[in-house]
Each structure stands twice: as structure tokens, then as C-alpha cells.
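Asker: Based on the hints, put chains B, C and D in the right spot on chain A.
Residue numbers (the working numbering), protein chains in the order written: chain A, 20 to 187; chain B, 20 to 187; chain C, 20 to 187; chain D, 20 to 187.
If you're looking for bench data, these hints aren't it; they were derived computationally from the structure. Check each hint, because a few of them may be wrong.
[Claimed, not checked] Some chain A residues flagged as far from chain C (calculated, every beta-carbon gap over 12 Å):
1. N40
2. S78
3. N164
4. A165
[As the list claims (entries may be wrong)] Capping the alpha-carbon separation at 27 Å, the derived lysine-lysine pairs in DSSO-like fashion look like this:
5. C/K143 / D/K140
6. B/K183 / B/K143
7. D/K25 / A/K74
[As the list claims (entries may be wrong)] So the derived label-pair ranges between C-beta atoms look like this:
8. A/A43 / D/Q55: 34 to 40 Å
9. C/L184 / B/G94: 18 to 24 Å
10. B/G80 / A/T26: 51 to 57 Å
11. D/G94 / C/N164: 25 to 31 Å
Ideal Cβ positions, reconstructed from N, Cα and C, are used throughout, including at glycine.
Here is how the chains run, residue by residue.
There are 4 protein chains.
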Amino acid sequence: MPPTQKTIIGVMGPGEGATENDKAAAFTLGKLIAEQGWVLLSGGRDCGVMDASCKGAKSAGGLTIGILPGTTRAGMSDAVDIPIITGTGNARNAINVLSCDAIIGCGMGAGTASEVALALKSDKFVILLNNDEISQRFFRSLAKNAQLEYANSPQQAVALIKQKLSEK
Amino acid sequence: MPPTQKTIIGVMGPGEGATENDKAAAFTLGKLIAEQGWVLLSGGRDCGVMDASCKGAKSAGGLTIGILPGTTRAGMSDAVDIPIITGTGNARNAINVLSCDAIIGCGMGAGTASEVALALKSDKFVILLNNDEISQRFFRSLAKNAQLEYANSPQQAVALIKQKLSEK
Amino acid sequence: MPPTQKTIIGVMGPGEGATENDKAAAFTLGKLIAEQGWVLLSGGRDCGVMDASCKGAKSAGGLTIGILPGTTRAGMSDAVDIPIITGTGNARNAINVLSCDAIIGCGMGAGTASEVALALKSDKFVILLNNDEISQRFFRSLAKNAQLEYANSPQQAVALIKQKLSEK
Amino acid sequence: MPPTQKTIIGVMGPGEGATENDKAAAFTLGKLIAEQGWVLLSGGRDCGVMDASCKGAKSAGGLTIGILPGTTRAGMSDAVDIPIITGTGNARNAINVLSCDAIIGCGMGAGTASEVALALKSDKFVILLNNDEISQRFFRSLAKNAQLEYANSPQQAVALIKQKLSEK
Numbered sequence: 020m021p022p023t024q025k026t027i028i029g030v031m032g033p034g035e036g037a038t039e040n041d042k043a044a045a046f047t048l049g050k051l052i053a054e055q056g057w058v059l060l061s062g063g064r065d066c067g068v069m070d071a072s073c074k075g076a077k078s079a080g081g082l083t084i085g086i087l088p089g090t091t092r093a094g095m096s097d098a099v100d101i102p103i104i105t106g107t108g109n110a111r112n113a114i115n116v117l118s119c120d121a122i123i124g125c126g127m128g129a130g131t132a133s134e135v136a137l138a139l140k141s142d143k144f145v146i147l148l149n150n151d152e153i154s155q156r157f158f159r160s161l162a163k164n165a166q167l168e169y170a171n172s173p174q175q176a177v178a179l180i181k182q183k184l185s186e187k
Numbered sequence: 020m021p022p023t024q025k026t027i028i029g030v031m032g033p034g035e036g037a038t039e040n041d042k043a044a045a046f047t048l049g050k051l052i053a054e055q056g057w058v059l060l061s062g063g064r065d066c067g068v069m070d071a072s073c074k075g076a077k078s079a080g081g082l083t084i085g086i087l088p089g090t091t092r093a094g095m096s097d098a099v100d101i102p103i104i105t106g107t108g109n110a111r112n113a114i115n116v117l118s119c120d121a122i123i124g125c126g127m128g129a130g131t132a133s134e135v136a137l138a139l140k141s142d143k144f145v146i147l148l149n150n151d152e153i154s155q156r157f158f159r160s161l162a163k164n165a166q167l168e169y170a171n172s173p174q175q176a177v178a179l180i181k182q183k184l185s186e187k
Numbered sequence: 020m021p022p023t024q025k026t027i028i029g030v031m032g033p034g035e036g037a038t039e040n041d042k043a044a045a046f047t048l049g050k051l052i053a054e055q056g057w058v059l060l061s062g063g064r065d066c067g068v069m070d071a072s073c074k075g076a077k078s079a080g081g082l083t084i085g086i087l088p089g090t091t092r093a094g095m096s097d098a099v100d101i102p103i104i105t106g107t108g109n110a111r112n113a114i115n116v117l118s119c120d121a122i123i124g125c126g127m128g129a130g131t132a133s134e135v136a137l138a139l140k141s142d143k144f145v146i147l148l149n150n151d152e153i154s155q156r157f158f159r160s161l162a163k164n165a166q167l168e169y170a171n172s173p174q175q176a177v178a179l180i181k182q183k184l185s186e187k
Numbered sequence: 020m021p022p023t024q025k026t027i028i029g030v031m032g033p034g035e036g037a038t039e040n041d042k043a044a045a046f047t048l049g050k051l052i053a054e055q056g057w058v059l060l061s062g063g064r065d066c067g068v069m070d071a072s073c074k075g076a077k078s079a080g081g082l083t084i085g086i087l088p089g090t091t092r093a094g095m096s097d098a099v100d101i102p103i104i105t106g107t108g109n110a111r112n113a114i115n116v117l118s119c120d121a122i123i124g125c126g127m128g129a130g131t132a133s134e135v136a137l138a139l140k141s142d143k144f145v146i147l148l149n150n151d152e153i154s155q156r157f158f159r160s161l162a163k164n165a166q167l168e169y170a171n172s173p174q175q176a177v178a179l180i181k182q183k184l185s186e187k
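Next up, chain A with everything else stripped away, as it sits in the complex (with noise of 0.2 Å):
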């Protein structure tokens, strides 16, 4: 890896349907990764864990991007720096996790689903932070062994990709 070149995180979760607790886990995500001196990147909406993620990227602050469904800037959370404008819709979500060194689901909705199912496609390293047993079940029958973790929380997740990392 060239000396410039920064580690990437994703955050994925619901934009409107996003709960408090996805948020208030969202924003120390963005807090944890941004202390860590990584580049935190989301779906970028001013909206549930993609807004949250960012604030809290920014509270510490770190560098944001925002990988944006729409062809402007209009619906981008103000915490986002660096904002992709894709033009592509929910196509985005590939190029979301593609983007990525890994990628935590923080709460589930159908996008953050299709976000998931895509990092394992593409084999990436997920962590499910917070969530339910039916949706770690269904993505850990999908998941190449090594490739899924659960965590409990933010500080787990971040804990987890920091010794990930450290072994490629």
C-alpha cells in the first residue's frame, strides 16, 4: 500500500427507518474509525446511520465520503467531505462496498441488505453490529468461513477490524 493511500471503513444501514439505537451506534462507529486515522464511507443521505456516522467521523475529526444515489448534492448529510455524486440509484451500493477494507451493517433495512449480501459477493470482511439472530443466521449461511463477524458493539466492531487488518 503507497504511503498516501488511506484505509477505508464502511458504515451501511437504514436511511429513514434507521432506530435511535442504530444511530447513537452509528455515531460512535464514526467516531471509533475516524480516531483510528481511517476514512470513514457511506451511502452519505442526511438520514439514519449515514448522517450518524459521519457526525460522528466529524467529532473526532476525520475524513468522510459520501457515496451519493443521485445525480446532486441535494439530500447529502453536512458531515460528508467528500461527496461521490454516482448518478446510479441503488446500483451505488456496489461501488459502497467495493470502495471498502471492510464494511459494518449497523442496523438492516432492503438497502443495507443488498450492501451486505454484495461485500460477501465480493469478498470483503463484514461485521453485523446490533443485529437480530434471523439476519446473523441468514448471513452467516452466505459467508465464507473467516469472512463474517458479529459484534456486540461499536467498540467491538472497530476492535475486530483493527485485527483484521493487521493480519494481511
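Answerer: Coordinates of chains B, C and D only, in the frame set by chain A:
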């Protein structure tokens, strides 16, 4: 709907990871879809559910569309009439589901899971065929009311779609 | 090429900005393409060269594919048989050209220019119909040897494609 | 524009086909863009204008984004800080232009032509640097009023963008 426009039904399922059961069901699905006068859409590759569903449709004189991930026709099923060469990799999964009037998930894998999730996200009618209880419960938790049905046979899957289309 | 697979010819040209000349040429192109037994592919919208070429193809009983930029069939030409709903905006221009055996640029505009350029980049055979000298000289400077031809009539454009396909 | 959000300027030009002149101009462009505090965006590959513009920006301590066509970081310029891995091939050209506040075409080739055309289609401000008269006349015929300017030096290109951004 204008007179010339055709109803397009998507059959999504594993490629290399498809079981014999998945492939047999996909062949029958393709055949039944063609017999309804519908166009079959799949991921278009020369293996698994994609190939089997196209072959089934051709066995009944149907028309088949393959939405291919690569930049050429390499690796395409012989039974694809209309290859759409996207060059967009897994991002094409979003195109697969947007292009269909209804989607049948036949078998399960990471790619299929992303397509079922994107179909739910895009407000498409989805049928899960021959899926285990965990998959059914997982996608049920993501679906809007009346958006998702389970089927135990290709015949039942096609009957459910026929009924849904008649309600529009 | 497998027995079932069809030859697909793309007609690319302006939408709202098309001239009467462009639309008349596009209609004739569509008709001639259908008479050859080829499938017509266009951007699928209900205006300009897209709409006229599809209508021409249908007038001769041909099959038409429309690769649409939006997420629904809204704004689609009535004469599209097979709508592919990409939801990827102008990024779909890359899909248009990859999916064709040859491309005819009929008229010129910013979108058409991007398609002709992407077709040259993707090593497709391209014909420019009714284009001015500046356009011809510009694209000639980008094209590989024997990759680009000019035509003065739809009949000549189709004859050039017929000859090119016979050389493969 | 929120306080954290950065101005992003795209430099688009040939890869393997770039001339020495193109590469020298691209290096200077990258340097001047970084000196303005702007973020540099390019196609991110390790050759031609993409590589040279990133290296120039890094020489002045700037931040660089590379929108890559492939599914991994293979073939990426060492001077890219933020790689966006699209996996969408040339379809990523549409993402390149949407993500930028202004675009500089530096040199010309089929890929660059598609980006300049897509930028005009997407109502972006475009500058052509070191382009021949045919290219200038061709793109002038596609551009809306005040959307396209020519520059004879990197310094002039950056001055034109600075003025345009100040008018917003």
C-alpha cells in the same frame, strides 16, 4: 401499457453454487414463464439458475434477456436471445430488478440475496421459491405488506405472479 | 454465435434536440434494421431519434430494446418492446454501446457524442450519419483504423454494417 | 455549501495515449488545484494524465480522489489518496463528471471525449486545455452559452475556474 410492450419476469438465483434442485426448478420456471407469453430476464451467465431458466424458456419458444456483468458476451448462456452487456459487474443486479415486473428468487446465495433485497427496496413483487425458513423469515422482516410471497413449486410461483399482475 | 442470439444494432441520437432530418433518418434506419432481421437498440425515450428509430423498426415488425436512464418506464417510447430500466442516468450510455454489434450516430448532441466516444473506446464499429464535417473530423481523430465510417443515407449506413458483419 | 465540504475539480485526459505535453500540463494542473485548497478528482489509473495530475496535487500537499473502473486497486496511481472502486468500467466516466464542480479536459482521446461530452450534458463547467482547433470547434457546437472555455496554460485554466466558482 402500450400494445407492443412485454411483461418481463426475472428469475434470480445462484450461478456456480446452484443445487440440482435449483436448476430443475429454474428450468420449469423458464418454461412456464414462456408459456404465459412473458419474457424471461436473468443474469445471463452460462451456469446455474441463469442458464437453466433461459433453457427452460427456450424449450417453450420464449424470449430471453440476459443482463451480463462483463464487457463482452464471454460466459453467456447459449439460451440468451437478448444479451445486455452492462460492464458494471454486480452493480448490474440493480438493473436486473428494476427491469422486471416481478422477481422470483430461486435458490439462495450472496448475489441472489442482493437481488432480492434490491427488489424489495425498489418496491417490486418478489417470490421466494424453495428457500429455507431462515431466508423466508429474514426477507419477510424487510418486505412491505403483500410484497413478498413464498412458493413451494414453480407452478405456484407463476400462479402467484399471474394473480398479482391481474390486480394492477 | 449460438443459433438463438440476435444481432443488435444501436441507433444513437439526440432526444429533444433532434432535427426533423434526424428523426426521418432514424425512422428509416429502424425500418431497414428490422428488415435485416436485426434487433434495434436505443436509449428508449419517447422523443427524438430514440422514439423515431423504434417506431421505424416496429413499422417493419422488428424487435426493439430501450435502455432507459430512469428507475421506471415513465417517459419511454411506446415503440419499445423490451425496456431495460437501468436507474443509472447517463452512465447507461456505456451499456448502450457495449450491448451493440455496431452503432449508428444519427444527428449529434452532447449525449450522442458521449455514446460515439464510448463506442470508439470500446472497439465497436461506428457509423456517423448526416453529421457535419467538424464532427466527422473530430471522431476520425479518435478512431482506430477501419472502425469509423460516414454515411449519407440510412441505406448506406445499413449496407456498411451488413458488409462489416459479414467480415467477422 | 456546508463548512466541511470541499470543492472538487476533475482533470480528465488520456491514459496510455497521453503525450509528454499532456502529462506535464496535468502535473502542473494538479499542483495548482491543490494550492487553491481544492480536491483533485481523476480516473485514478497509474498512467498518463490521471497519474500526472495526482502526482502534481500530492507535490503540493493536496488531496486526490481516483474513480477507478475495475473491481480492485490494481493499476491505481500511487498518488491517489481516496480510491473509489466502481467496478463499472467506462460507465464510471459519468460518475467522474457528476462528482466535480468543474472539469478540465487535458489532452484528448476517446475516453476523454466521452467525459467532456457527459460533462456538457450534465451542465458542468468545462475547460479544454491544449486541445486542437477541431476539438474546440466540436465541443463548442455541443455546449451551452458560457459553459465551455479554452485555456492555453494550466495557470489560465485554474484562473477561469476560480472566476467561475466566485460567480456562484
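Asker: Are the hints correct? Go through all of them and say.
Answerer: Hints, one by one, checked against the model:
1. Look at A/N40: its CB is around 31 Å from the nearest CB on chain C, clear of 12 Å, so calling it non-interface holds up.
2. Residue placement check: A/S78 keeps its beta carbon more than 12 Å from all beta carbons of chain C (closest about 34 Å).
3. Here A/N164 stays apart from chain C, with its beta-carbon at least about 34 Å from theirs, past the 12 Å limit.
4. The beta carbon of A/A165 is kept farther than 12 Å from every beta carbon of chain C, the shortest such distance being approximately 34 Å.
5. Proposed proximity of C/K143 and D/K140 is supported: the alpha carbons are some 22 Å apart, at most 27 Å.
6. Between B/K183 and B/K143 the alpha-carbon distance is near 11 Å, which keeps this suggested pair within the 27 Å criterion.
7. The suggested pairing of D/K25 with A/K74 holds, with an alpha-carbon distance near 16 Å, which does not exceed 27 Å.
8. For the hinted restraint 34 to 40 Å between A/A43 and D/Q55, the CB-CB distance of approximately 38 Å keeps it satisfied.
9. Range check, C/L184 to B/G94: about 22 Å between beta-carbon atoms, so the 18 to 24 Å window is met.
10. Hint check: B/G80 to A/T26, Cβ distance near 54 Å, so the stated range 51 to 57 Å holds.
11. Roughly 26 Å separates the CB atoms of D/G94 and C/N164, a value that falls within the hinted 25 to 31 Å.
Checked against the numbered hints above, the structure breaks none of them.
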